[in-house]
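In the order they appear, the protein sequences are chains A and B. Count along the first sequence from 1, then add 514; that gives the number in my numbering. Count along the second sequence from 1, then add 280; that gives the number in my numbering.
Derived from the structure by calculation, the hints contain no laboratory data. Any given hint might turn out to be false.
Claimed, not checked - Computed spacing ranges between beta-carbons, pair by pair: (1) Leu389(B) - Asp526(A): 52 to 60 Å; (2) Ser577(B) - Arg874(A): 49 to 57 Å; (3) Gly740(A) - Lys404(B): 27 to 35 Å; (4) Asp440(B) - Leu748(A): 54 to 62 Å; (5) Val821(A) - Glu406(B): 52 to 60 Å; (6) Leu389(B) - Ala825(A): 32 to 40 Å; (7) Glu775(A) - Val381(B): 36 to 44 Å; (8) Leu585(B) - Leu748(A): 23 to 31 Å.
None of the values given here were measured: they were computed from a predicted structure. All residues carry an ideal CB built from backbone N, CA and C; glycine is no exception.
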Amino acid sequence: MQTIITSSRTRDTIILALFALVVLTAPLWGTLIGAGYPDLLQKFAIFGLFAIGYNIMFGLTGYLSFGHAAFLGVGSYTAVWSFKLLSMNAIPAVLFAILLSGLFAAVIGFLSLRRTGIYFSILTLAFAQMSYNLAYSVLTPITNGETGLRVLRDDPRIIDTALGIQVEGSPLSDFFGLTLTGYPGFYFCAVMLILGFWLSLKIFRSPYGMKLLAIKSNQIRMEYTGFNTRPYLLSAFVISGMYAGLAGSLMAITDPLAGAERMQWTASGEVVLMTILGGVGTLFGPILGAATIKYFENIFSAFNEQVLQQAFDFLPPTLTDLMVALTRPFVGEGWHLTLGVLFMIIIIFIPGGLIEGIERIRRLFSRRRQPPGENSPGSRSHSPREPAA
Amino acid sequence: MDAFLLQILNGLDKGGAYALIALGLTLVFGTLGVVNFAHGALFMLGAFVAVSVQNLLTISKKVKDESITFFDAYKETPYLEIWWGDTGTALIDYAVPISIVIAIPVMLLIGLAVERGLVRHFYKREHADQILVTFGLAIVLQEIIKANYGANPIPVGAPDIVAGSANIGALFGIEGLVYPWWRMIYLLFSLAIIAGVFAFLHLTTFGMVVRAGMHDRETVGLLGINIERRFTIIFGLATIVVGLAGVMYTPILPPDYHMGMDFLVLSFVVVVVGGMGSLPGAVAAGFLLGILQSFFSMNEVKSILPGIDQIIIYLIAVIILLVRPRGLMGKD
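The following block holds chain B by itself, in its conformation from the complex (with noise of 0.2 Å):
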């Protein structure tokens, strides 16, 4: 039982990132009606604003070290412990919630870029032009950071207030349930984002354009509302959500160039599951896959069926796409 809930618990963060890559995806794919193959690069570029902002703190200078005295021995000292001391150490600390705030001008800028100057271009051509150069731009995008930062992965670490685990089962009187902090927080963080996105589009008249503007794009045009520059701001939030989930999975997963294209095949499988332009369905999709993944890999149940860990995200879209085409909650 035990187990059982930990491996919930586990799927519920992965979900959560599913969930936001899905959540960005169904966005652009409702409004702008494109297929958008970069989305998994834009998420690998979020996890690099990450390990950028680290890096910005941490450039450093070498030192005389003290506490040795046989010989000069010296150390890398980064310029903000030398200039504010305990502060500048902390602020090296909080690297990944510092990248929070920079990465929202910062993926903004990239995704009115992108659209305005790419995929502006493809709304009416057909969608396997889209696809193909969307991922022509992924390759690109991956490519750049491959030049830039190397093949290897960069690890980012969490702040130490949260590097350890949480001793959840305490709370419910289960003995050695534990759970990590930061993966806890990254499911409150893809929560609280989830609910700001909806918010948005439901409360505010903006997202009341949008809506209207989703379901039938032409009337809202006919009404004198500039549709298109619209959908241009979205594109720009679906890339924020999408860029946002990136910086905050860096300390559960430490990224590399090649990311992107790995949770860019999940997240569809996502978005195809939870129906194609339904915002919760990509959201339900999203945890739903995330549980059952981490549901599958339980050694108890890969003892029946063998291998079945690999594939059962995609068998799932397999029978869904064949039992229910137009998704979980998708609407004709």
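Only chain A is shown next, with the shape it has when bound in the complex (with noise of 0.2 Å):
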């Protein structure tokens, strides 16, 4: 666990400002890697917003959420009832959802935080549920159903009209007379980003963060100290649930359209798996395993056979026969079967995540430059922690 006190305002400066250089340089060396379209970079932000919130709450209070894909929905709706209703201008769209998801998240949060452990994952796991039920049949007026919500081009957006504003063509989300679609699009996902992490780097540091944490290693001990832990779990939830509304926004920003499956239970099973992939209560962790979900996952799904032959095809043929043989599987429409396998090694060997894995090789490199004698580190100390049986 890092130490969070002794970091100086410095250091967290040259933290946030190295972090807005990566972002906001992600078309460069996205291209390196094979991802420098906007379309997936968007991705790699807007999942970043939401494991980085879901985070907050499952990193810093260890409470199990399987519900944070409604916030998401409810974003997603919101910003999409912004551009039919007011304006297809992108700040009232995300201004409303995160206040409406922060809303339905206080509702939940304060029922769900009554209860802990199992109980607490089960509730907000039936809460979500609900929410997806309704949207998928009741709420039809609201959610247009299976079709998804949709911008139109007579929707009244009274704001634009009163503006003189008229759509061409599809109406597309925009900045004040930039169209959010592209690169543009990616910026806005990018400059939201950095605030995101900037708040979280922020609460990581703070006192308020700090007693997070202790509730996360002992909420007895912490009542007893005299402390009422329910403001801090509820807001905690509150400002989680705002980051997914975020999220869910800037989906309905980039791609005007909202659908009910974006509230079903394993959306919320996959923001798990990016906060624990990436490093659970870690600042980069969870940015770093949506971003690695999301490009695997383009990057896998898009292989086929012949992609394979071409990769292994330095071996002799009969080899190269086998390792597309074995390897078939694990890609194109299979690759969610990587995924699973990658989550439970993680989760047995290595439970911080990857960046325990970085931060483990790096400790390796480290002491193998020290002198012989001084301490010697067997292998055995670095070896997975086993757990006991």
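Work from the hints to combine the two standalone chains into their complex.
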């Protein structure tokens, strides 16, 4: 665990500046790894935000919520309704989405946080499934059911009409005249991601974040010290719900459409996967996890037999066939299998996720360079934490 | 009144499935203390045992169709029919009952492998870790099934003799009350399995030791009993129960790779409503929620409370958890 108090202000500023630099230059380095197109980069940013927010709840307080997809869905629907009723401008859409999903999170959190552990997980799951089922059935006037909510040309758009802005062709979201598709869309998401990261950094470094961590390590002792933990938990839940709402609105901004499937519990499962894969409770882990999953989803699902044949072409023919046969189930349609296997390996061997993995490799190398005899770390000390049987 | 009775009957077989899944889930939680998110996937595996058996029985070869004389027509005839004639046809017809016999050893092996290979390492880890690793396992299992059987539901038929519906209305003197035979069989089957599990736990020495271990694992261990090994067998038993629930459910719902996830959420709700770790609670809650679900999907109810059928189960779970967190029959 990183030390939280000792890190100075300047160090945080440097971290933030470096983060902003990496995010804003994503189109450049993205090209190198074959991810240099706005669609994918937008996904990195949006799911990164979703995972950062989720991490504030799960990473800091240890409460495992299985219902965050509901807030994502609420954010998307709100954004699309803002497009339909008010304006195609992205700012009101984002603001309303954050507000409404925060409100939703406050209600659901208020009820769910009465219980802890597995009961909390089941409660959030139940609420999310209720929202999903309702969005599919009775709330069709609001959500447009299975078809999904779309922005239409003859929607009222009060503000746009008042300002005399006309929509030509199919309506697209904009930022004061700048149409948010392609790279402008990515940069809008990127700025939101940097803002979101900044807030999460602040929370991690604040006494508030410390208290959330204290709840994770021992809630009862925290209560005995005289703290009422409920307001802390609820506010953390609302904040992470707002992040999810923001991510949902960004989905609607980059593609003005909202569907109920975004609220399904497997979507909540996905953000759990991302957070764990990257490193739960770390600053960068969730973003890393989200980017990794979305990157491999894109790369792996595009693989097919020919690509594999080319990849193993350097081997003798029989070996090539063998390797292709072996790897075929893991790519293309079956990339979820890779994800599942990878996820299990992470949980079993490196519960700290990719961040812990990187940290271990770094330590391994830095110790190797030390002169022999100083302290002799056997490879044993690096071996994965063996769970007690 | 007829409609009401019919809805209760419809709820009973669904409730039977919920009860069986929740029973296994509770067994595993009560003995091993593990929250098993792969339980739904095991249900799905059971259903696919039936699919595999049907596929095996109907391995076919092209045979010339003698009834068509204008041109050379071929039709697929299963080897079993070629070898044994009518006996073969009957065997194919009884694919689901045959699957039950085959599913028992198969599911036992799968269960033991999962427990020894994976779950064992997570006894001492947090519930969150257990949920996550079994969730990962569930993804892996369902993707393996998807890769081998495709993404579409595969219909598996019940034997012809019970394909129709029973006119049970005649028994009570009510007109037009029919109920599919297979659903009735499912209900009886689930009751039999539940009775079997309870008898096993309450009437055998093995079951007595297991119950003692559920109550106080450490003391049982101190008495020199290898409780770990018995719990492993209980995990296998839970896998068999859920697998059989899956096998028998195939004629009601054609299985696809995703069915486990759908049932998982519902069965967790059932377990929580019944009370974590309480076996009678799981069974009672399973039937109760099944009946309530059918009852609230009646048009009369839906017209008063639109959409209630979609959320009733979750609503009940939320109310129970908030008002009575131990569940209906849970102990402290």
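Hint-by-hint comparison with the structure:
{"no.": "1", "hint": "Leu389(B) - Asp526(A): 52 to 60 Å", "in the structure": "54 Å, holds"}
{"no.": "2", "hint": "Ser577(B) - Arg874(A): 49 to 57 Å", "in the structure": "53 Å, holds"}
{"no.": "3", "hint": "Gly740(A) - Lys404(B): 27 to 35 Å", "in the structure": "31 Å, holds"}
{"no.": "4", "hint": "Asp440(B) - Leu748(A): 54 to 62 Å", "in the structure": "59 Å, holds"}
{"no.": "5", "hint": "Val821(A) - Glu406(B): 52 to 60 Å", "in the structure": "40 Å, violated"}
{"no.": "6", "hint": "Leu389(B) - Ala825(A): 32 to 40 Å", "in the structure": "35 Å, holds"}
{"no.": "7", "hint": "Glu775(A) - Val381(B): 36 to 44 Å", "in the structure": "39 Å, holds"}
{"no.": "8", "hint": "Leu585(B) - Leu748(A): 23 to 31 Å", "in the structure": "29 Å, holds"}
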